[in-house]
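S.K.: Heads up: the sequence lines are chains A and B, in that order.
All you need for the numbering used here is the position in the first sequence, starting with 1, plus 1.
All you need for the numbering used here is the position in the second sequence, starting with 1, plus 1251.
Quick caveat, the hints were computed from the structure, so don't treat them as lab data.
Positions of the beta carbon are idealized from the N, C-alpha and C atoms, including for glycine.
Worth double-checking, as some hints may not be accurate.
FRET-style restraints, in silico, Cβ to Cβ [unchecked claim]:
id, chain 1, residue 1, chain 2, residue 2, range
1, A, K176, B, A1745, 32 to 40 Å
2, A, E175, B, L1562, 50 to 58 Å
3, A, Y119, B, S1621, 31 to 39 Å
4, A, R165, B, W1368, 50 to 58 Å
5, B, L1396, A, A72, 38 to 46 Å
6, A, F150, B, P1758, 34 to 42 Å
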Amino acid sequence: MVANTGEAGAVAVHHMDHEHPDLRLFGFLLFLISEGMLFVGLFVAYLAFRAVATQWPPAGTPKLEFLIPAANTVILISSSFVIHRAEGAIKNGDVQGVRRWFGITALMGAVFLAGQAYEYFGLIFKEGLTLWSGLYGGTFYVLTGFHGFHVLVGLLLMLGVMYRSFKEDHYTAEKHFGVEAASVYWHFVDGVWVVLFLLLYVIR
Amino acid sequence: MQLTQDQIKQDPPQDWRRYFTFCTDHKVIGVQYMVTSFTLYLVGGFLAMLIRAELWTPDPDFFPDSQVYNGVFTVHATIMIFLWLIPMLAGFANFLIPLMIGARDMAFPRLNALAFWLIPPGAILLLSSFFVGAPAAGWTSYPPLSLMDGTAGQAIWLASVILLGTSSIMGALNFITTIWEMRIPSMDIWRMPLFIWAMFATSIITLLATPVLTGALVLLTFDLLAKTTFFNPIGGGDPVIYQHMFWFYSHPAVYIMVLPGFGMISEILPVFSRKPIFGYRAIAVSSMTIAILGFIVWAHHMFTSGTPEWLRIFFMITSMIIAVPTGIKVFSWVATIWGGKLRFTSAMLFALGFLSVFLVGGLSGIMLASVPFDIHVHDTYFVVAHLHYVLFGGSVFAVYAGIYYWFPKITGRMLNETWGKIHFVLTFVGFNLCFFPMHRLGLMGMPRRVAAYDASFTDLNVLIGIGGFLLGVSTLPFLANAVYSWIGGPKAPANPWEALTLEWTTPSPPPVENWDVLPVLTVGPYDYGHEGRDPQEIIRS
């Protein structure tokens, strides 16, 4: 019934290899697609809320800060280039380089979060815009807060990779799924932010 | 966690106790899914019989108050969808996907185990809501009704459904990766069995649609617990946006529940007709077509929600177009059994039962897709009849067919055929007696989700009640048969039905890692091991 060939034996070895990086990257990309759909759902809901509102932004709504989110956008986009250097480094087996570029990226992410916290602080305590300020405040804090949470997760991923990179030969030029995953995730978070920035701050 | 995959697999005991461990073998996880969800099916069915007890008489006299009644039908529906059909089909997928494509396990075994182990907490959460005031807004949980209740049950419902959604996303991600990346080299996509095609389409739907539901439920949770007003008109929100987001998931979810069943039927009918499946590629492509079209029909659930005319016409037309790929499947199945040497095993009976009752559900679906008719019967028992013909008649009949077909592979034991046939007759009669009169009841105007009704509906409700209790009783012979056969049934050979897919090349039950040497496909999807011979000839012999 079953052909017992050398080829089939080789196949068996291949299929046993659950650590195969292509497989994991494929799965991770699918995870990001589902994450993307979560954001797409929230974005479309935001546009729908906007469409049903009689006036947008509603009368009496404080003007959103533009400078900080714009600066944050620049920081995030540049950080995507920085983290890309980490991928290049690990492909040359340079673990030191991964730590350097991840470190800088994480720092930029932290600055982004600090900027967002500062913006929130001003909006809440000076302008009085809260989660409960109708659809405007509600969608603003849910969308930006949800994205901010993803930035935080990205930071934790990077810290995790940096921690693991101190183990002997944990990441090599051939085997570095963790580095790739953290990097792809970061690009994804950046992409989401660009859309979010356009939706919330530019078309207003 | 420094254990290697092999250590994790070999550590658990190799008897019944391994089903109670965090085992990562896809077959163990598959059985865990199936047994857990079947248990919950019994719970959901029990709740359904409580509903029929209430509706035996026109007065609301069985339940202490209508709130409890609302909780019972809400939890009944939530269990049947999120804790019975979706996990049951995920169980089949877990067991069968690696076996059918020649893989030794799923792509991510630990993620797979995690996805299963989110189900029991989700179930416990949902059922525990009865102690704090069950969710009473129906399984759709439309705001503002779901925001007005004030009991904790609604919040528990939200937590439970978000958890179960996460579980099914994890499962779908695993299925897609496994199907796409781990097939044996001799299996290109046009050699994948039709169940694999169906699961592939299903998993894509799950992956893309479920997160949108999660988004809607997160916003609803904010409204409920943080008192924001996304969906609350009192604070300027719009409940219809929730309906859009909800149905953007929940309409495709209908196909999440029925496409795997289509796949199973496509596997079972040819084997018991001794004929190759008619139109293999057409069935495969129609699964993908249904998946794609499923995303552009959601608002046909909202014809009476104030949807503008042009949009209703658009959704009416797209909904009717889905009848085309579905019709392709039905005609292919009929052409497959046409002129075949039929063997009326229990699996075949359930497959044929599926064909007949699913047809009724499909036809009433076309009726409901047309706007004027839908407006007339919206939220009446006609809709209840339609959805039960599709989800019970479609999915549950297919699941039973699948259980009778794959039970020998899963357990290594044969089920008793006589009791299987008794089970089929009781189920078929009970099902039609219960749900067919609902069409009439709906046309007469009885609304769904009510505990009290006009006395003129009494006779039909009693008839439906008898059918419902018969349907409840019909699970007993199956349950006894399954338990008895699993323990002491005759040992199953590797391929009791002379089937031609790869899972039957393994011993029954398959060992850990499935094969010593992986099988090789030679010609088409249904011809393992027959080098160079025409598969059509083989299956006819």
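S.K.: Decide, hint by hint, whether the structure agrees.
M.R.: To see whether the hints hold, each was checked on the structure:
Checking the proposed 32 to 40 Å range against K176/A and A1745/B shows it holds: the Cβ atoms sit about 38 Å from each other. For the pair E175/A and L1562/B, the beta carbons lie near 53 Å from each other, so the given range of 50 to 58 Å is met. Checked against the given bound of 31 to 39 Å, the beta carbons of Y119/A and S1621/B, roughly 56 Å apart, lie outside it. For R165/A and W1368/B, the hinted distance range of 50 to 58 Å is not satisfied, since their beta carbons lie about 25 Å from each other.
Between L1396/B and A72/A the beta carbon distance is about 44 Å. The supplied range of 38 to 46 Å therefore holds. Taken as a hint, the range 34 to 42 Å is violated for the pair F150/A and P1758/B, whose Cβ atoms sit roughly 48 Å apart.
Taken one by one, the earlier hints fail for this structure at numbers 3, 4 and 6, listed in ascending order.
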